[in-house]
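Sequences listed follow chains A and B, in order. Note that the numbering used here gives residue 430 to position 316 of the first sequence, counting from 1, and the numbers run on in steps of one. Note that the numbering used here gives residue 367 to position 253 of the second sequence, counting from 1, and the numbers run on in steps of one.
Treat the hints as calculated values from the structure; they're not laboratory data. Do not take every clue at face value.
As a list, the in silico BS3-like pairs of lysine-lysine whose alpha-carbon atoms are at most 25 Å apart [said to hold, decoys possible]: (1) B:Lys264 / A:Lys423; (2) B:Lys423 / A:Lys201; (3) B:Lys264 / B:Lys523.
Stretch by stretch, here's where chain B covers chain A in the computed footprint (C-beta under 8 Å, at least three residues) [unchecked claim]: (4) 304-315; (5) 320-326; (6) 512-519.
Only some residues are given here: those of chain B computed to face chain A with a beta carbon under 7 Å [said to hold, decoys possible]: (7) His316; (8) Gln329; (9) Trp360; (10) Ile381; (11) Pro388; (12) Ala395; (13) Gln399; (14) Glu403; (15) Asn405; (16) Gly406; (17) Val419; (18) Val487; (19) Ala489; (20) His543; (21) Ala544.
For clarity, every value in this text was computed on a predicted model and none was experimentally measured. Yeah, the Cβ is synthetic: ideal placement off N, Cα and C, and Gly gets one too.
Number of protein chains: 2
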Amino acid sequence: MFDPVEKLKEFIRHPSVSTDSKHREGMRGAREFVSGLLGSLGFAVEVVPTDLHPIIFAQRGGDPSWPHVVIYGHYDVQPADPLNLWKTPAFEPTIVGNRIYGRGAADNKGPLLTNIAAVALALEENPRLPLRITFLVEGEEEMGSPSFPKFLAHYADRLRQADFVYLSDTALPNENQVVLTCGLRGLSLFDVHVTGAKGDLHSGLHGGVLRNPIQALAEILATLHNPDGSVNVPGFYDAVLDVHPWERDELKKLGADEKAYAQFLGIDTFYTPPGYSPFEAVRFQPTLEFNGIGGGYQGEGTKTVIPSKAFAKISCRLVPNQVPNTIRQLVQDAIRARTPSGVKVEFVDQHKGDPYVVVPPGRSNTPAGQSPVLARAFQATEQAVTEVWGRPPVYLREGGSVPIIADIKRTTGLDSVMLGLFLPEDNLHAPNESFNLDVMRKGTETTRRMLHALAKR
Amino acid sequence: MFDPVEKLKEFIRHPSVSTDSKHREGMRGAREFVSGLLGSLGFAVEVVPTDLHPIIFAQRGGDPSWPHVVIYGHYDVQPADPLNLWKTPAFEPTIVGNRIYGRGAADNKGPLLTNIAAVALALEENPRLPLRITFLVEGEEEMGSPSFPKFLAHYADRLRQADFVYLSDTALPNENQVVLTCGLRGLSLFDVHVTGAKGDLHSGLHGGVLRNPIQALAEILATLHNPDGSVNVPGFYDAVLDVHPWERDELKKLGADEKAYAQFLGIDTFYTPPGYSPFEAVRFQPTLEFNGIGGGYQGEGTKTVIPSKAFAKISCRLVPNQVPNTIRQLVQDAIRARTPSGVKVEFVDQHKGDPYVVVPPGRSNTPAGQSPVLARAFQATEQAVTEVWGRPPVYLREGGSVPIIADIKRTTGLDSVMLGLFLPEDNLHAPNESFNLDVMRKGTETTRRMLHALAKR
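Throw the hints in and build the complete structure from the sequences for me.
The following block contains the structure:
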């Protein structure tokens, strides 16, 4: 059996930033790392070419009557910038106490390796484990999985032979309380570009006669929220489903501490839509966020220019049953309608993903027709969590997005069991990302037990 | 006599960007170029050290009864970025037709060299020219002349012995019509920084619970103008003086073409304060502009982050009698009062400068007590312009700022005669800056004639 921590170090050293073409070599390294590791465990590895970053599809076949789990993960990571805020190099894994630091440590290299290690252990303990296992590891998650629909179109038939998807790409609130994630927000992203004069202009010679694109952009963006924090776009909330009462009950079990959360974020005041606590807002409500803004002179000192252009990067997080294309259209229509004279506005669409929700067995309103193996998988996971962590998991939706989960459901009918493994303090998508090695050990043990339990009939 | 165009090429090749410490060598080169050239003309050159970029103070003495002109210019230039928008290298002078391209070609290396060439010619023609001439060439104009007040405190006594200041650092509307600039806007610049959470956050895991600094910044900036384009800051216009009727009359002489101006800027619609034409607004009205904005992820693709920080660079252009510190305080007070909960706001003050106006002789409301040499200098310049360009100059205020002109007036009592030499199409402060070589030739001839006329008594 390999040493999971050493393997994780090796994995992190490959700078697999999917959105940045400079990191093609890091992508190749991470991909070869994963396919090599799965091959060494006896999996039949296919590296499926796509228009951009290939997908690893690795199978352990078996008797068609055996339960069949698809374990999902991704080998790509977020960009590491701003690099100057990292205390240790982003792609040089560094262990401090019980944490390993590095870009991708938590999202998703650590959790993926946790599940690979669990499979390795289970197969070492029982080489004839009556389980079919498929690893599905993509390289475009952090850019919205643009190649995944085409992949699904070709592999849907093979995926339909499985019973459920299992993954660890979601969060737990603290290291003592596991969450089985039963819902994810969707996404719709685009850039808005505002253009004024045909070139940058001297703000003395021409200031006072034309609309500054930064001013126009600020005025547009300022209209997109109401003072209460809700999104001010007609129709934005029309498709939002009410939250089930059992979901609010489950959330209460967490006993989450608002004060501690505010302190963790480093803010004085929350800013949530009316009627929602912070913990509810992040799970049950959609958002419209500004991820970036730029225009004009941003350097040292001053440059007295009226810029020709300004832009903002906008992302909406969506909840069932909002439709990404519809929301994008509504927001872009609102922006167009609110663009002042003297500037023109253009959009560059980025990626999108549907929201997702699965109702775990035993909840009052469990829909009919769920697969019996899915129900057993939830029960096995719940049991394993309770044994390893000393308390049962709670079932919660999460604010993040894993768009392919909804894509798989729509295309193949498969639901997902999502064992959250990263902590709020893991700094996902931010400098000094890290992963808790105790969580890694417990996660490995949990998945190992789940696999054995599922195999027993 | 040297070849002014060859000398200008040499001058442009020194990348003298004062705001950027990377260009220290370029600053040194430009400074040595100017002091060497003035030295070769027989001037006694002092290179006066300052806290940052030394000031060149070069004198041709003479009989105390001779008129004494101080010729002002600056050897520093604006940053050249965005470099990718330059069609020829910014610091490699390139002549195309009757234009020379390069950063600083028009602002201020070309016009300064025009006046140096005129002095060289006049002294060649009459080595005993009965004129005292002082060159005052600074290296911090593009950063707001921070060292100038200290310099003035030490050199005020020597400057008070002069009669007036002469410079070419302002504009003419087209190459057939000279403007003698009789007013300049002041400046007040600062950066505003908005901070939310203590670090960048994942917009899925935390989106919907806190105020995004980009949103807060956009909301703040959007309050700073009224829909009619006027500045929405209490007290902003309180000190603004009414325009003299002769100024509006003078502007009418220009016969400026709004349609051509809009086409030049590449805009469909002007956006001026109510009651002002574009040509009036830029000269007679103050502004509040956004020169830059930044925050969050600005790279390729997407990064779904809630940034911790966002900032904007703000500049106000001021008209008599607005006071830079007062205006800055009013705007910052308004921003503070309009900052929403959940974020904090901080300011970094940049440079500032007083507005300036001088009333040329013969205008109905010419103030008493103007120096007779100043009146003769205006008359000599008007005469020279009329001879060289075939039509008399118009007297206009300009939208740009040369803060030291007001500083000199306040400290020494000296007024300035400003012969505009750059054209709207010269792209000051923008990529592909250039200077018209016909204007350079005519400007040299104009200043040459003015010097000879002033020397005759």
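Holds or violated: B:Lys264 and B:Lys523, Cα atoms, limit 25 Å.
holds, 15 Å
Interface hint status, B:Ile381 versus chain A (Cβ within 7 Å):
holds, 5 Å
Evaluation of the interface hint that places B:Ala395 against chain A, nearest CB under 7 Å:
Result: holds, 4 Å to nearest chain A Cβ.
Holds or violated: is there a CB of chain A closer than 7 Å to the CB of B:His543?
holds, 4 Å
Is the interface hint for B:Gln329 satisfied, with its Cβ closer than 7 Å to some Cβ of chain A?
holds, 6 Å
Does the CB of B:Val419 sit less than 7 Å away from some CB of chain A?
holds, 5 Å
How does the coverage statement for the segment 304-315 of chain A fare against chain B, requiring three or more residues with Cβ below 8 Å from a Cβ of that chain?
Since 6 is at least three, the answer is holds.
Given the hinted pair B:Lys264 and A:Lys423, is their alpha-carbon gap at most 25 Å?
Answer violated: B:Lys264 to A:Lys423 is near 38 Å, above 25 Å.
Are B:Asn405 and chain A close enough, Cβ to Cβ, to be under 7 Å, as the hint says?
Holds: closest Cβ of chain A sits about 5 Å from B:Asn405, inside 7 Å.
Given B:Trp360 was flagged as interface, is its beta-carbon under 7 Å from a beta-carbon of chain A?
violated, 21 Å
Hey, does the B:His316 contact hint survive, CB to chain A under 7 Å?
The hint holds - B:His316 has a Cβ within 7 Å of chain A, the shortest such distance being about 4 Å.
Go through the hint on B:Pro388 and say holds or violated, using the shortest Cβ distance to chain A against 7 Å.
Not OK, violated: B:Pro388 not within 7 Å of chain A, min 12 Å.
Against the hints set out earlier in the document, violations occur for numbers 1, 9, 11, 18, 19.
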